[in-house]
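Spelled out from the first residue to the last, the chains are:
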Amino acid sequence: MEKQLFTVSIYTENNIGLLNRISAIFQRRHINIESLNTSASEIEGVSRFTIVVSVPEEQIKKIIGQIDKQIEVIKAYYHRDEDTIYQESCLFKIKSDLLFEERQIQNIIKESNARIVTVNKEFFVIEKSGKREEIELLYRELSVFGIMQFTRSGRISVTKDEMKISKMLEAFNQ
Amino acid sequence: MDANTMKETQAIQVNKKSTKTTHRITGSEAIIRCLIAEGVDILYGYPGGAIMPVYDELYKYQDKIHHVLTRHEQCAAHAAQGYARISGRVGVAMATSGPGATNLITGIADAQIDSTPMVCITGQVFSHLLGSDAFQETDIIGISTPVTKWNHQITKASEIPSVIAKAFYIAKSGRPGPVLIDITKDAQVEEFDFEYEKCTAVRSYNPVPTTNPETVAKAADLINSAKNPMIVWGQGVILAEAENELKAVIEKSGVPAAWTILGASAIPTSHPLNIGMVGMHGNYAPNKLTNECDVLIAIGMRFDDRVTGKLDTYAKQAKIIHFEIDPAEVDKNVKSDIAVLGDAKESLRQLLPLLEEKSYPQWLQKFKDLYAIEFEKVIKNDLYPTKEGLTMGEVLKEINIQTKAEAAIVSDVGQHQMIACRYAEFNTTKSNITSGGLGTMGFALPAAIGAKMAAPDREVVAIIGDGGYQMTIQELGTIFQQRVPVKIVVLNNEFLGMVRQWQQLFFDKRYASTEMTNPDFVAIAKGYFIEAKKVTKRDELKEAVAEMIACDGPYFLEVCVEKEDNVFPMIPAGASVSDVRLS
Ligand SMILES: Cc1ncc(C[n+]2csc(CCOP(=O)(O)OP(=O)(O)O)c2C)c(N)n1
Ligand SMILES: [Mg+2]
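For the protein sequence lines, the chains are A and B, in the order given.
1 is the number of the first residue of the first sequence in my numbering; add one for each residue after it.
1 is the number of the first residue of the second sequence in my numbering; add one for each residue after it.
Note that these hints are calculated values from the structure, not bench results.
Possibly wrong hints are sitting among the right ones.
What the hints assert, rightly or not - Covered by chain B, per the in silico footprint, the following chain A stretches (three or more residues, Cβ under 8 Å):
#	segment
1	6-17
2	57-67
3	72-85
Unchecked claim - Heads up, simulated EDC-like pairs for lysine to aspartate or glutamate below, C-alpha to C-alpha not over 20 Å straight-line:
#	chain 1	residue 1	chain 2	residue 2
4	B	563	B	508
5	A	3	B	508
6	B	335	A	2
7	B	172	A	68
8	B	332	A	2
9	B	332	A	58
10	A	121	A	102
What the hints assert, rightly or not - If you anchor each label on the Cβ, the simulated ranges turn out as follows:
#	chain 1	residue 1	chain 2	residue 2	range
11	B	88	A	172	49 to 55 Å
12	A	158	B	313	57 to 63 Å
13	A	158	B	507	55 to 61 Å
All C-beta atoms in this analysis are idealised placements derived from N, C-alpha and C, irrespective of residue type, glycine included.
Here chain A stands alone, though its shape is the one from the complex (with noise of 0.2 Å):
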């Protein structure tokens, strides 16, 4: 079976040894971790992963599978980028001097709906969201003019169904 792109969530209760538990399911199975998130929910005192992972599908099958049955994992999914709203975020720190000699820099800018955080003497922090072919060409086209600092954050991202986990919570309530 061929390797797809797969975006799991994992609805947790927060707990400090749940990121080794998760990670080395992915590690036995010798699968790369593309991008990992983890954050607070929508939900008081439940957290939430974002693993991004290019794996066949019947192979993200099992993997859920052996995620949902560790004890503090509250809930997990699998999903195709069509069946989600996802993004990245990234920071760019450039030169100072190039915002002014470089008048194209500010059109690149403005253009792929960057942002400038900050601009000092030295340098200028640009931060930039959305898709992950959106900052690689961002980062293309100012990679010409030096990049002093890149960093890019993993995928967060929400489902365009519902999740059910508050409800699956209450019905532990009752």
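The hints should help you fit chain B with the ligands onto chain A, whose structure is shown.
Here is chain B with the ligands on its own, set in the frame of chain A:
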């Protein structure tokens, strides 16, 4: 006295001074009271710096809870496993931090892969030292994470009751498994108001999926319409205590039923529809006919590779029904046509009334015909040998006869294990205790200790190879000190026999590091004041086994068997079940 111990002693003294009211107790006392509240009567372990306050409480509570000092922490874990496997209760093992904790890991990994309910408690360095490479600090949470069902580190005494309650609940419920609780020394000495409440639910954990009656009905239809159906059951039946339900299903449906190693003993060996063991060294008929049945009904088993052989050629012609408690096992190795999620007892209970009363005389005859071939080519030579050298099989046969198939057989790993599983006869469930998924040499002797202590009224016979015996032989010390009346049978072929067999078959007889020069095992047993005998000839066997069974205390019997016998049938690694070899 090292710095660590000094600090510990100070902490304990400070604590003693601060004892004010009676309901305030230390973390260590709380640990013991939690264990007692969970019904723990025996635990296995080994003391050391980071767990000393708990041992001090064990000393005070020794009339209520019996701590067994094993000679190695690995064996504390295996003993707890043996205890759990024979009784269905949660086994408990305890160790100090660092090397004590890491020594438990093999037993924990074994319990994880064989779904054995176990709670391990480890001491840990003071919480303010965590992460500083303190004396005997290891990240046991990190190390044990991939081999535990759940683990947790406690740094505050007040967490102890709820976490231990949760540990027992998780270990035992659903698909059982090992839980490790790591407790820092400050949490052990701290005082708090103790109160215990059993855990009955964890919101992020659904131990038993609800059986769906519609899926059961579909399964029943498929079974009722089958021409050549076959059941393969596993340990799930034993863990769910669904033996009676399985028996009723087998008898009503008339479906021939085979078992995996860990499923052995759930249905008596002598049952007419019991068609034997599947897997690498299983019986000829059920392996071969796996690839001829039209419906394969898997109950509480996980299609391990030692059972299925090559997956691409496993039961491809059959419709597969999978009764399973763990959703992660469904379609993991073998794609099922109908998956009945739920507890085996409940699912089989729902299935029974929907089944038609049937029998499959022609289909069953096929099993009998293939058995006859296996008997002629293999079993006859194993059980009724005419050559001079003793076989492992005839030893098992003698034990069957003299224990009237009522013994619990605890086997180690290797040829003798396969022979024990193939030939041991069982009338009672939970009687085949062996390391299945992990294949841990050294398992049997300590597991037999745990089994005998959990079921003192049962005859417990350990069947061990000369190799595996020497991996945990020091437990003779535990047997002696605790006077555990286990019967130990070492089948001595002076080889790491199973590896030698592979070398003979697949490596042109290059016996790399498999020959063993063994010590005087009888003298060693006698050194521990255990009655012991060695048998080298056939005509001594019967009497020696009789003497062993008659002995009230522990007994060691060494049987010198043929050095280069092989175990057959055999499905070579990576071959198809239908390519099972008889020689
Ligand atoms: C801890 C461990 N190390 C290595 C092995 C690999 N292994 C499997 S069977 C076996 C030989 C066992 O020899 P022995 O205990 O004498 O039993 P026999 O096969 O001769 O009956 C070995 C080395 C194992 N299963 N477990
Ligand atoms: Mg041997």
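Structure-based check of each hint:
| no. | hint | result |
| --- | --- | --- |
| 1 | 6-17 | holds (count 3) |
| 2 | 57-67 | holds (count 4) |
| 3 | 72-85 | holds (count 3) |
| 4 | B/563 <-> B/508 | 17 Å, holds |
| 5 | A/3 <-> B/508 | 41 Å, violated |
| 6 | B/335 <-> A/2 | 18 Å, holds |
| 7 | B/172 <-> A/68 | 18 Å, holds |
| 8 | B/332 <-> A/2 | 18 Å, holds |
| 9 | B/332 <-> A/58 | 9 Å, holds |
| 10 | A/121 <-> A/102 | 16 Å, holds |
| 11 | B/88 <-> A/172: 49 to 55 Å | 27 Å, violated |
| 12 | A/158 <-> B/313: 57 to 63 Å | 44 Å, violated |
| 13 | A/158 <-> B/507: 55 to 61 Å | 56 Å, holds |
Checked against the numbered hints listed earlier, the structure breaks hints 5, 11 and 12; every other hint is satisfied.
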